[in-house]
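If you're matching them up, the sequences are chains A and V in order.
According to our numbering, the first sequence is numbered sequentially starting from 1.
According to our numbering, the second sequence is numbered sequentially starting from 1001.
Hints may contain errors.
To be verified - Below, simulated SDA-like cross-link-like pairs (lysine to any residue); rule was C-alpha separation at most 20 Å, straight line:
# : chain 1 : residue 1 : chain 2 : residue 2
1 : A       : 150       : V       : 1062
2 : V       : 1070      : A       : 181
3 : V       : 1007      : A       : 287
Unchecked claim - Simulated restraints on C-beta separations:
# : chain 1 : residue 1 : chain 2 : residue 2 : range
4 : A       : 143       : V       : 1060      : 39 to 49 Å
5 : V       : 1067      : A       : 170       : 41 to 51 Å
6 : A       : 212       : V       : 1044      : 33 to 43 Å
7 : V       : 1094      : A       : 143       : 25 to 35 Å
It is worth saying that the hints were derived from the structure and are not from the lab.
The model shown is predicted, which means the values in this text are computed figures rather than measured ones.
Heads up, the beta-carbon is just placed ideally off N, CA and C, and yes, glycines get one too.
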Amino acid sequence: MKKILLTLAALGLVAGTLPAVMADPASDLKQFQAFFKKKFPTVPFDEFANGLYALPGMEEYRDQWEQFNEFPPYELGLSDGKKMWEKPFKNGKTFASCFKNGGKNIAQGYPYWDERSQKIRTAEMDLMDCARQNGEEFPFLTADLDKDTKARVQLAELTAAFYSLSQGQRIRIDLSSPGAVKAYEEGKKFWWQRRGQLNFACAHCHMDLAGRNFGGNQPLSAALGHTTAWPAQRLQWGRLETLHRRYGTCNSQVRAKPFKHGSDIYNNLQLYESYMSSGLPLTAPAMRN
Amino acid sequence: MADIQTKIRTKSQGGVTDVLVLVEHPMETGQRTDPKDKSKKVPAHFIQKMTFSVNGKEVASSDLGPAVSKDPLIGIKLKNAKPGDKIKVNWSDNMGQSGSGEATVG
């Protein structure tokens, strides 16, 4: 907690000390977004949804990115996902039947707090449960998603199809229940906590150093707008991948042991990051460095 | 194989039409070690020939090789293509698989 305080104070975000710790999510959000508005005054708010390509000094990356967007390679994976989404189950239903409004324009509320299971639920979890309830057998239901790339990519493609139905919707996370706020606090703790041999917290790279290069060729994105593009295709990977996979690789980049795909800690982090990006339009799927 | 995707996109600007083709293809060079059995190599599997035709008439053909990346994006520029022209792309690889895609100039 002390570190959080120190970092916040160092960033010049807070004048007093104690109130910041006790802050509610709404005032956290205000501080968080104000930080980036101050750091990058030339970047319009909506542009943050485009990740690092919106930041000044990233023009070369942006040029490359725009070239890719002429005919983005994720379209191959996205069509696979759409096929899965539309293909009826054995009982005649489709994935759309498990979601409100047929899955259209609802992804901006993900991840959400589920009162019944007292857990944060992501789109991936809902899609997997939907397949299970309808007696379908997909490889990603049983496989170890950390090791089985093929199954994970399939899940990412399906999730991408789901998110693509909500493109342009502005992120709105409901934190009205105490359970949700507790999960949010957990995510916040993870975000500000140092980890790994390099002893970095998420905030070090994606707040202080945002817009710079890490180790020469790893451009660092601003935390604002982090979740809007996922599932995304990274140049390095050449396939659509899930957000939790990215979290895992991010953790190993600071020489920390990654957590499991779909673990509570990543769900909470996803909740925190998504909430901090409130108001930004969803752009998933997209290309990322 | 029918389930290999071949996607085409066209864009016209100033009398020149850009035709872009995206093929879902592993493009194995034959040099890569099989991750499951280190004593073997993954067999070469790459697109060898790709031809472009406009309204049934062949306008371009290219010889591709193992140096081309996975899921390749190949483009040509067409002069004087009219809206409504049908563009067809055929490709075949060294394992005897082939595929094609069609698009209309918009």
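Here is what the structure says about each hint:
1. A:150 / V:1062: 31 Å, violated
2. V:1070 / A:181: 44 Å, violated
3. V:1007 / A:287: Roughly 18 Å separates the two Cα atoms, so the pair holds.
4. A:143 / V:1060: 39 to 49 Å: 43 Å, holds
5. V:1067 / A:170: 41 to 51 Å: 44 Å, holds
6. A:212 / V:1044: 33 to 43 Å: 41 Å Cβ-Cβ, so the 33 to 43 Å window holds.
7. V:1094 / A:143: 25 to 35 Å: With Cβ atoms ~31 Å apart, the hint holds.
In terms of the numbered hints stated before, the structure departs from hints 1 and 2, listed from lowest to highest.
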